[in-house]
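Residue numbers (the working numbering), protein chains in the order written: chain E, 122 to 476; chain Y, 33 to 283.
Hints may be right or wrong, so weigh each one.
[Claimed, not checked] Computed footprint of chain Y on chain E; a stretch qualifies when at least three of its residues, placed anywhere within it, have a C-beta under 8 Å from a C-beta of chain Y:
1) 166-178
2) 187-199
3) 204-215
4) 441-449
Read the hints as simulated data drawn from the structure, not as lab findings. All C-beta atoms, glycine included, are put in the ideal place defined by N, C-alpha and C.
So you can see what is in the structure, the chains are spelled out below.
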Amino acid sequence: MSEKLMVKGTEAIAEAAIRAGCRNYFGYPITPQSELAEYMSRRLPQVGGTFLQAESEVAAVNMVYGAASTGKRVMTSTSSPGFSLMQEGISYIAAAQLPCVFVNVVRGGPGLGDIQPAQSDYFQATKGGGHGDYRLIVLAPSTLQEAVELTYLAFDLADEYRNPALILADGLMGQMMEPVEFPEFRDLKTLPKHEWALTGCNEREPNKVTSFNIDPYELEKMNKVYQEKYLRIIKKEKRWENYMTEDAEYLFVAYGTMARIIKTVVRKAREEGIKAGLFRPITLWPYPYEELHELSEKVGFVLTVEMSAGQMIEDVRLAVSGRTKVFFYGRTAGVIPTPNEVLEELKKKIGMVKV
Amino acid sequence: MIKEMFLKKPKSLSEKEFTYCPGCHHGIVHRLIAEVIDELNIREKTIVVAPVGCSVFAYEFFYLDGTVAPHGRAPAVATGMKRALPDRIVFTYQGDGDLAAIGTAEIIHAANRGENITTIFINNAIYGMTGGQMAPTSLIGMKTTTTPYGRDPKKDGYPIHVCETLQNMKGVAYLERLTVSSPQEVIKAKKSIRKAFEAQINQIGFSLIEVLSTCPTNWGMTPVEAIKWLKENMVKEFPLGVFVDKTKGVN
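Just chain E, same shape as in the assembly (with noise of 0.2 Å):
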């Protein structure tokens, strides 16, 4: 970690994923988020890599089940519709355990949408998404330069876990540029070896990669083995951050780009003498809960804040368990919150509790 560059969103995630030894994309392009496909395919043929334009986010994904049943670090990234389309392929690579990076750079939805950043595919990435019981990582930054850390970090957790992340942005941090130091290229070398991949079944066994199994009592070992790794991601891998909560009052809850305004709100509340305080979570899922249950029980309220029309919200509630009251304050459809109408809602809250 030395120099410090200047760049956007969309190429800072994508640098650093070559820096943590990818060498594969696969992807279609849409909106908010086709530089990162351009710059893959500017990058890629200098460092030795594969790019392949897709002929749609369904082939995209199925592209990146090929590439990493062979043990190789793959990514693709793609938007909100884009996102859809590839549930399906998602669903089988969770199945199958193939270790690969999806960034999604959420639009305003549903259906077609808008373009402008909004943060409404929460359920999608944290619930499922696409058919049976599974889960990605879903890591959420909320600066540029955190967002080439959780890049790199995703593709360690992928193989470690044999397991897709995610990485989910939204459409301005897709778009706008910041200085970010990125970090060493990783030396392919030092990557994890897969006993496991497609490579030919040179002086050994054929090894299968599959999500598929006919017989219910072996499909349901194989759901097992899946959610006994849940368990331990969600042991190890939560990660969360606190922002001026030691002495709260109030408490914000908000991630990404969301949470980065609310600090904004944070600050200009303390400047008026309303102790707030912001929990971020980093890890959308694991979801940090207990965390979450401890610091909501020090305070008089919890406000979460979304670019969606509450989402992240029924987390919150689950986290909070009814020991505090939880509110919610959103805009849909690509408008961003600006932190004077946050902390009029805040002072709204804090009036309709004290009555």
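Use these hints to put chain Y onto chain E, whose structure you have.
The following block gives chain Y in isolation, referenced to the frame of chain E:
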């Protein structure tokens, strides 16, 4: 010597018993592929991508590294593998529903890119695994469980011709439609499958072998009747022959 030739299982087939119905051609085609892989001495660098359909278990029947793709997506999965490991041999094995209905986009674009993979395409004009529904390749007038009055082109469209669709794509190196409905045809088919794999080994582009096959169970016929029906009806709709061959002079 002759006795040994007939009883020996190719190394590239596993010990798993086939799950195919009596008279189905999947088993013959599996064996031909396995023999070709053995003879080309590529077993230890070959990866099979099975489809969804009756041959969903193909990844277990071959004694090779393998996987099973989502329905129709085998060419995309194979593309990802081949791009990650360009020196391996990757082939997909797909039925008509998988390749010519739900997976039409994937096969067309893999062929058009000249993706250096091989596809073995089993066309039996019906959905076998799900119980005999209309396939994109079902013949006009053919009765299936979803065309109980016969396939009517006015509402069901016409049989899709995969080889004719792919033949003008510049990325295609070898393209042939054949049958395995007689011993002579079986011997010929093996040579063609070998050519398709050689096209991949020599890196000259995408190769596909379409095998017109029987489905006695869902056609409601005996295996012998099914072969007769195939010769009299399917071959008429889907003419046999080599559509593209760029393998000549390449080695």
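A quick look at each hint next to the structure:
no.: 1; hint: 166-178; in the structure: holds (count 5)
no.: 2; hint: 187-199; in the structure: holds (count 7)
no.: 3; hint: 204-215; in the structure: holds (count 3)
no.: 4; hint: 441-449; in the structure: violated (count 0)
In terms of the numbered hints stated before, the structure departs from hint 4 and from no other.
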